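Residue numbers (our numbering), protein chains in the order written: chain X, 212 to 388; chain Z, 7 to 78.
Keep in mind the hints are simulated off the structure, nothing from the lab. Small disclaimer: the values here were computed from a predicted structure and weren't measured. Certain hints may be false.
[Unchecked claim] Listed next, the in silico DSBU-like pairs over lysine-lysine satisfying Cα-Cα at most 30 Å (straight line):
id, chain 1, residue 1, chain 2, residue 2
1, Z, Lys-20, X, Lys-321
2, X, Lys-362, X, Lys-332
3, X, Lys-321, X, Lys-332
4, X, Lys-374, Z, Lys-20
5, X, Lys-362, Z, Lys-20
6, X, Lys-321, X, Lys-382
[As the list claims (entries may be wrong)] Computed far set for chain X versus chain Z, every beta-carbon distance over 10 Å:
id, residue
7, Asp-213
8, Ala-225
9, Val-242
10, Arg-246
11, Tyr-263
12, Arg-281
13, Ala-331
14, Ala-337
15, Asp-348
16, Gly-355
17, Ala-360
18, Leu-376
19, His-378
Ideal placement from N, C-alpha and C gives every residue a C-beta, glycine not left out.
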Amino acid sequence: MDLLRRFALGEIDAFETLVRQFQGDIYAWIVRIVRDPSMAEDLTVETLWRIYRARRQFRPDGNFAAWARRIATNLAVDHLRRRRPEQSLLAEPAAAPQSDHLVQRETREKIQQAFRRLPAKLQVAAILALVEEQPYDEIADALGTSVGAVKLRVFRAVRILRKQLNHLGIKPGVERT
Amino acid sequence: MTEHDDREIREALKQSFPPVNTELRRDLWPTMLRKLDAHPARVPWYDWVLVGLSASVFMFFPQLILVFAYHL
């Protein structure tokens, strides 16, 4: 019997194999959205837990990776909704920004704050499409929507962000002195 | 909104959100296993409803126990 069928029947060994096989991908997807390694680990465990609990709903002939990614995205969106806007989006940057000279620290923080005020679904679409440059069809699949809807969300995110930055007196692309 | 505007916002976002390390630092299976142990499988509510219904039926119609046993 194949692995996914055994998992759907509740075999713990099959689940362990799937966890070891997919935990890295799930974590990588979540950390791109929440940008906090520690929170991303917690959300990955929660995603795996929900996957296990929902095993009976999984069709063994389906795409496990896509299903897992959708559960992970829903959890990440919920996390962004719960997070207070003043909480840092960047707990510990993995690497020092290489282009500090382009955008001043103060400007970066204001852009982050403006970004955090966007609705969670717009944040997810914008960060995955614009910052992480993930393919639109993968983002759409993870969000359970169409490519057109993702493009619309990115468009709305950019428009709102531009308005907020204008309000704050920030012109993207222009270095402040 | 022009394509140039989009590019500017994209660049501003990229500079504001430095790359994150997407490598998982540890194996999460031990944590998962602890979570599984702490939350043993529960009987779903509809199974309890079924048990309750069956018990009620057998209480009012005890002769059905024989029919039920025959079909087991």
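Practice task
Mind listing which of the numbered hints don't hold for this structure, in increasing order?
Solution key: 9, 10, 11, 14 and 18
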